[in-house]
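Engineer: Protein chains in written order, with this note's numbering: chain A, 5 to 298; chain B, 150 to 627; chain C, 295 to 606.
Please note that a few of the clues may not be correct.
Residues from chain B that face chain A, not an exhaustive set, calculated with beta carbons under 10 Å [what the hints assert, rightly or not]: (1) Ala-227; (2) Leu-228; (3) Ala-231; (4) Phe-238; (5) Gly-294; (6) Pro-297; (7) Lys-574; (8) Leu-579; (9) Ala-582; (10) Lys-584.
A few chain C residues that face chain B, going by a derived Cβ cut-off under 7 Å, partial list only [said to hold, decoys possible]: (11) His-314; (12) Val-319; (13) Asp-320; (14) Leu-331; (15) Gly-332; (16) Arg-334; (17) Ser-335; (18) Thr-338; (19) Ala-340; (20) Asn-561.
It is worth saying that the hints were derived from the structure and are not from the lab. Cβ atoms here follow ideal geometry from the backbone N, Cα and C, with glycine treated the same way.
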Amino acid sequence: MSERLTVFKTYKLYVGGKFPRSESGRVYEVTDAKGRWLANAPLSSRKDARDAVVAARKAFGGWSGATAYNRGQVLYRIAEMLEGRREQFTREVADAEGLSKSKAAAVVDAAIDRWVWYAGWTDKIAQIVGGANPVAGPYLNLSTPEPTGVVAVVAPQESSFLGLVSVLAPVIATGNTAVVIASEKAPLPALSLGEVLATSDVPGGVVNILTGKAAEIAAPLAAHQDVNAIDLTGAGADLARDLEIAAADNLKRVLRPQPVDWSADPGTHRLTAFLETKTVWHPTGSLGASGSAY
Amino acid sequence: MTSPFEYAPAPESRSVVDIAPSYGLFIDGEFTEAADGKVFKTVSPSTEEVLSEVAQASSEDVDRAVKAARRAFEKWSALPGAERAKYLFRIARIIQERSRELAVLETLDNGKPIKETRDADLPLVAAHFFYYAGWADKLDHAGYGPNPAPLGVAGQVIPWNFPLLMLAWKIAPALATGNTVVLKPAETTPLSALFFADICRQAGLPKGVVNILPGYGDAGAALTAHPDVNKVAFTGSTAVGKAIARQVAGTDKKVTLELGGKGANIVFDDAPIDQAVEGIVTGIFFNQGQVCCAGSRLLVQESIQDELLDSLKRRLSTLRLGDPLDKNTDIGAINSAEQLARITALAETGEAEGAERWSPACELPTSGYWFAPTLFTNVTQAHTIARDEIFGPVLSVLSFRTPDEAVAKANNTQYGLSAGIWTEKGSRILAVANKLRAGVVWANTFNKFDPTSPFGGYKESGFGREGGRHGLEAYLDV
Amino acid sequence: MSTAFADVTASDSTLRRFLHGLPGVDAVGLEARAASLGTRSIKTTAKAYAIDLAISMIDLTTLEGADTPGKVRALGAKAVNPDPTDRETPRTAAVCVYPDMVATAKEAVAGSGVKVASVATAFPAGRAAIEVKLGDVREAVAAGADEIDMVIDRGAFLSGDYMTVYEQIRAVKEACGTARLKVIFETGELSTYDNIKRASWIGMIAGADFIKTSTGKVGVNATPPNTLLMLEAVRDFRAQTGVQIGVKPAGGIRSTKDAVKFLVLVNETAGPDWLDNHWFRFGASSLLNDLLMQRQKLATGRYSGPDYVTVD
């Protein structure tokens, strides 16, 4: 039996719904836990980061304006599509993180279920964190959460897939759009996720995935005046401090890195981290000109 | 109509749905005959054609079903919420996939236009399951404290006006919270619930979690009376609702009741007139007016009454009544001969009491149960048709002079389910809404439903809310 | 008309009070109604009727800087004989061209009954002195235009100077002589439905023969809701005055499906009296070939393709 030569995949970035190579034309070598070559991943540049922000901003109006129900359906669709690629991701996660097949499969299952968890949140978060306020006057006063805008996400370095999904899904569930910097040493599951997103009814630009040196890509994003928030989960302490300082320039909302058990119940804090609260006042008036009599 | 642009018939294909000649009860994951072997026929109200023969549940079957639900409860309620969620998401998706089949089925069994089953009922059914699926693993966040517990077995009795949608309103929150259910659909519209049983099978839902018992009022009464039922949910008439309220007295059963209504649709002189006309039409002619929250009383400010009625009559003349499967039909058949008789009698009372009756020129089909869209003017609060729920395509028009008078008249009813307000002035909307004793108030729209939004009545329109975060409470031990 | 509404047009403030006193438009409700009528299913005989009616209602349009006599002659030939394989195909209502092409167009459609419409009044922006606009109109009429499609002064409208808008329409109407006047609001620039309703009433009071949505030169042109709103306006105007006025959606209507939706709006809003090219038009160009392909499909049972209709 002659051995069939396999076809390698060229891993590409996911920006604006398309799969470009890095503008820089550079790649870097990605290896498995034992140092064996897996693939070359794009080494993103500042310009790739800039393009990703433009794409994310362009997508923001449509995505944030979509009904919460629609966003929920789209997120659930991601889970459906991932389920069909479960084997592929199990292999990629096992390679990337040096896990046994069964442990990698458990990680992938948890990641799929995490999309389902957040799919259910899209039309409920407002019912948890919003509501009518009983102001002392003849006004209807209503607070509703709204997405903050374009969110830059430094994805976790160790948990290349479950960690990635756990930080990405809550950002887009509420209507933000995202520019994600994947795990530097294990970027392949993130790039494959881009392929899933592209076929899951997620509008182009809602999620943009960059790979390369986190510090190099994160710096221009943290300083970018058209980025509204940054999740520093995957940044080390020094980098996180520098990025937070840069982010202060336009007062980005910052989620600081903290130790996370990715398999635990995620709660809601990652949803609320990137929400604004808008409060609307409207007079209720009285039925007639005799007003106070009522 | 004298238009040269006569729309040719555009019937939706009946072949998308395969109705079996007979159906059993769905108990413990299996279709089974009734214990006493009784069956009843379900007919298409637009043609009186017999669609199928369905097993008729008795109290013995109710007991079997409740026992099955009780057996299933332990495992079902112990499942992690995320797993229950995935079952419900599956159901939501299968409903979306099979929505055209179910829409045609519902139109055949109920008589309502395909336009409504296709564009309103089915999308809402799927959305309801989708919404509550998402709650199943988030109950800790719902505002009822940590780890809220399910009640147990829910006995649910639903009406014939929105058969599958009412099923969704009942079953989705019950399952999401970890209860198991025994549901009795109405005797005139059992089929979509039986098709839902097949959807449960496709979704791999564990046996006994959902049990469907077609039958009559006696089966419903046996179900709500069953000592091992922990939760009673009923949608239907106020008379039956009161009987249930008496029946459960002294028990631990938790109860929600969605009952009748006599909704006021209040149109002020600064209303967006053309949209108000549409809202009035939607309010009373959606589903032939067989809607508990119908805007069956039009309260119009006297200063624009003539203008509004002219516009309304012109608009009613464009309504298309006929074959419910035709995609261009606006008004379908009345659900049953019994309901038609009730509508007919109440309309006659309206005339006898001196109100002025008007209908557009409208030819009624010769077979089936039909009632032309009807408008009564010169109606006062003292008229029977201003007080009793007609549950048909009959609008009673009353006038008012001032906002206080509008509110006083709107509230002057035993019911309190819905109301509408039409004005371009925001503060008036909120002022009037504040004073209305009704569970749902629509402003510059009418008959809007969403799974995230609670629904239910004040006063004799029932108690408890279905839909939204609030709808969870009815199925939790909180 | 000027007499029936003499009180309304007596002064700036009476006109403003009248327009601002019109019942408001709820956008969500209007759009829902338009969408609901859009779900009508028009089949077989009704579809055949609608396709022929739609063809007969087209103002076949070319309004490019690159228009040449050759292009306009081709357009005229297409209007007169839309489908060379089927001479039973109805002719379009008119061809619509710039004023300097009117004479050429007139020649191209001579004797066919197809009208020549000309845009004028410094189309599409309308940013010119009134004398220039009137000159534009007079030249087109002198060259033989049967119909004039004018643009209103959107700047004046948006600044609240309704009287200028009204008076310019009146002046253009006078300059038209016997030519029928279509008044273009450029609904995409007026932006709100309340504005479109007010503009409709200004146009109708000022003597428009048609009210027309758009130039086709901006982002949002004819839509089902803005056309529905204008159909309600002409319906109400006739109920109030007895005078019937036409409606012309223009721009963005490219498929048979779209055209049929608009005809459903006409049928169920203004009513069957408007189902005639004297009272309803489509401003369009590519729509015609789609209608012709659908017409061939109904005749043969096969789907047609772009190679079986003429490119002009």
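Engineer: Can you give the numbers of the hints that this structure goes against, from lowest to highest?
Structural biologist: 1, 2, 5, 6, 11, 14 and 15
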